[in-house]
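Fit chain B to the supplied structure of chain A, relying on the hints for placement.
Chains A and B, in that order, are what the protein sequence lines are. All letters in the first sequence, in the order written, are residues 29 to 438 by this note's numbering. All letters in the second sequence, in the order written, are residues 29 to 438 by this note's numbering.
Source of the hints: derived by calculation from the structure; they are not laboratory data. Careful, some of the hints might be misleading.
The list makes no distinction among identical chains, and a pair is therefore deemed to hold if it is satisfied within one copy or across any two copies.
Only pairs whose alpha carbons sit at most 20 Å apart, straight line, appear in this in silico EDC-like list of lysine to aspartate or glutamate [unchecked claim]:
id, residue 1, residue 2
1, 222, 202
2, 148, 168
3, 143, 332
4, 83, 45
5, 143, 210
6, 148, 62
7, 53, 86
8, 115, 86
9, 393, 62
10, 193, 261
11, 193, 152
12, 249, 405
13, 216, 433
14, 115, 84
15, 83, 195
16, 138, 245
17, 115, 87
18, 138, 196
19, 279, 426
20, 222, 245
21, 148, 169
22, 344, 264
23, 83, 52
24, 53, 84
25, 362, 317
From a predicted model like this one, the values you see are computed outputs, not experimental measurements.
2 protein chains.
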Amino acid sequence: MALIVQKYGGTSVGSIERIQAVAEKVAAARERGDQLVVVVSAMSGETNRLIGLAKEIEEHPSAREMDVLVSTGEQVTIALLSMALHKIGCPAKSYTGGQVNILTDSAHSKARIRKIDDIKVRADLDAGRVVVVAGFQGVDDLGSITTLGRGGSDTTAVALAAALKADECQIFTDVDGVYTTDPRVEPKARRLSKISFEEMLEMASLGSKVLQIRAVEFAGKYNVPLRVLSSFEEGEGTLITFEDKGMEDAKISGIAFNRDEAKFTIQGVQDQPGVAYRILGPISDANIEVDMIIQNIGQDGTTDFTFTVHRNDYDKALAILNGVAQEVGAREVKGDNTIVKISLVGVGMRSHAGIASSMFAALSKEGINIRMISTSEIKISVVVDEKYLELGVRALHEAFNLSAEPAKIG
Amino acid sequence: MALIVQKYGGTSVGSIERIQAVAEKVAAARERGDQLVVVVSAMSGETNRLIGLAKEIEEHPSAREMDVLVSTGEQVTIALLSMALHKIGCPAKSYTGGQVNILTDSAHSKARIRKIDDIKVRADLDAGRVVVVAGFQGVDDLGSITTLGRGGSDTTAVALAAALKADECQIFTDVDGVYTTDPRVEPKARRLSKISFEEMLEMASLGSKVLQIRAVEFAGKYNVPLRVLSSFEEGEGTLITFEDKGMEDAKISGIAFNRDEAKFTIQGVQDQPGVAYRILGPISDANIEVDMIIQNIGQDGTTDFTFTVHRNDYDKALAILNGVAQEVGAREVKGDNTIVKISLVGVGMRSHAGIASSMFAALSKEGINIRMISTSEIKISVVVDEKYLELGVRALHEAFNLSAEPAKIG
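This is chain A alone, in the form it adopts within the complex (with noise of 0.2 Å):
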């Protein structure tokens, strides 16, 4: 018998047809033996109707009766999926956040977990009953109603299945697994049956959103194999997992890219301490995320000072950087609006040299230049022109054979 939290995100759960179907789901798996702990979000779309009215009357409105308000949205599917579960004969019993005690910090609408309290669950799971939790909300010391902020539902899943000591930790959503790269991209993309946490951070922070990197670094943490499913088709998804003698003897598991990518160049900077700081200070200042940084340092003392920002700060970054390139007496500032990432991320990247000269190779051979490299234990990034985007992760994919289904050791 093993104990499951099992996640069901909003469109899993966006009618009731929906919702009897994951009832069944639910049933079937506790059917086969297994004790569960099932955590839903709001139905979709109720979230922005809440929102709405709340609008209506404040475009600013206190963050702790925004709380109050878009919590119900959780609490009414808790309800109706209990309903679901009693209608096919499956005792179930629905706790919102506070009820099983989920206490957070009192940073309303981005709060923090810090404690779960399992007696309840527990009581209710060994008396045979289905324990649904409304996902995404806590409760503070002082009792307020909290939201964890977005991607929330998966972190109160993963919460509980530490808090628990689950044995899996199962998000549905509408993917059925992680794949190699996006499947829209390079359709020859394939399902991973394993991943471990590192890669799958890395894919996360690069903009796959199949999981919310909040949800997998407190997995990671607290040691939860997570699970990313399909609600809506039958598979054993992706397992994430950690790192050992059983997973997938790949080099490489997968390609991420990223779009929203913009880059801005500081030609002949004088090379002095404290440069990077004078141009980037500004930047961060102005609350943009600045991602690949790179220096290199020319033949005439100079130096040309390279880095990325979201796509969606261009036009603020460059401004600030025109006043800035004259104080540091630069030469140029250039922006490149038209730019993109692609990825290259393992774990065997430790164990195996040469994959940054394949990747390269590879991308060469497509006569894409590189604009950017930069690495890390388990990722090596290039900065390339937009237009080479699906061009190069198909190239990559087909020059690391990640279509193959891998050879399994151990």
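Chain B only, in chain A's frame:
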């Protein structure tokens, strides 16, 4: 500085505009120097929408989960009203029933309040905040959400007023007070500035829809002065209070009536012990409520047994009685579902003789035949043919001079 509990029903908070209007009313009262606790219902239509969702899943959903579901309705309102108060510069804080520990028994959907913990509310009032509380809901010993059933928000308001020893509990509704009779029947009906609890209880039990009978009982039990006012018009409304020397010196306060009556007479019943039980037992077993009961002894050692029921139960009761009549050897069962009940209500009745004879004289003068009479300490009810309802009410209103402002004494 007075401490006032105000309650606004579903119609009064039925749209964003109306919620904003309520906020204005509340803020104005606070400006006048009062401390305010505001109890609100779900926006009109919202509870039915939620029940509709549940019914799509299950005709008879779990009462516990139903309470989890419908209690979101009031939770939405408290958040929106608090935002609307903030918007106009009035400090306010919202609480669900559970958050202010409105402790009830576990009778889901018809729970009764056991205790209210007023610590949080008092702290907010002392800090100058308006406290906005979700009506209709509480929490049981296990922390499960409960709802109070019909009129529950009125009961929440009265219970809070009792716990806080409030100076007044104001029920805002779509009428501007309690009238001597229904103004749709007698246009000369006059709003009462005061009415006693006992009179209000009789008026409510006779079908006057202004206040829920449970809330009135609760207010009487805990000596909470209740005031009924209009959400939409200015005015003093009607104060429901204890009989005292300052009250209106009227013999009669009002005329109530009930159109939903039906009457049965079992004729020629042998006048033996137990015969009343043999007739009414099967009626009661069928969950039919009996209102007035009259038994006259005939000349021939037999008796006529007459009683009234709700008109909806007429067919069911008639079928049962036709069976019973044979068993008890009765001559005939006569049913009539075209009758109504008219009642005079007034605490003054206790000390003034002759009210009954004045009543009968007034009806007789209009040629109205009285079919049944029943009296209590502060009420005289008569059953008449339904065609005489309006005529009878107006004749009595005139006979007891109810349109005139009473002289004040004391």
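At most 20 Å between alpha carbons: which applies to residue 193 and residue 261, within, between, both or neither? neither (27 Å within a copy, 59 Å between copies)
Classify it for me, residue 193 with residue 152: is the Cα-Cα distance of at most 20 Å met within a copy, between copies, both or neither? This pair counts as within: shortest intra-copy Cα distance 16 Å, inter-copy 40 Å.
Measure nothing new, just compare the shortest in-copy and cross-copy C-alpha distances for residue 222 and residue 202 to 20 Å and report within, between, both or neither. Within one copy only: 18 Å inside, 63 Å across.
Alpha-carbon proximity context of residue 115 and residue 84, limit 20 Å: Between copies, since 11 Å is at most 20 Å while 38 Å is not.
One pair to classify: residue 279 and residue 426, alpha carbons no more than 20 Å apart. Within, between, both, or neither? within (14 Å within a copy, 98 Å between copies)
Go through the copies and call it for residue 148 and residue 62: within, between, both or neither, with a Cα cutoff of 20 Å. within (18 Å within a copy, 42 Å between copies)
Pop the pair residue 344 and residue 264 into one bin, within, between, both or neither, using alpha-carbon distances up to 20 Å. Intra 45 Å, inter 59 Å, cutoff 20 Å: neither.
Check residue 115 against residue 87 for me: Cα-Cα at most 20 Å, and say if that holds within a copy, between copies, both or neither. between (41 Å within a copy, 9 Å between copies)
If the cut is 20 Å between Cα atoms, do residue 53 and residue 86 qualify within a copy, between copies, both or neither? Between copies, since 18 Å is at most 20 Å while 41 Å is not.
Classify it for me, residue 138 with residue 196: is the Cα-Cα distance of at most 20 Å met within a copy, between copies, both or neither? neither (25 Å within a copy, 40 Å between copies)
Given a CA cutoff of 20 Å, do residue 148 and residue 168 count as a within-copy pair, a between-copy pair, both, or neither? both (18 Å within a copy, 15 Å between copies)
Intra- versus inter-copy proximity for residue 433 and residue 216 (alpha-carbon distance at most 20 Å): For residue 216 and residue 433, only the intra-copy Cα distance (12 Å) is at most 20 Å; the inter-copy one is 89 Å.
In this structure, the earlier hints numbered 3, 5, 9, 10, 15, 18, 22 are contradicted, and the remaining ones agree with it.
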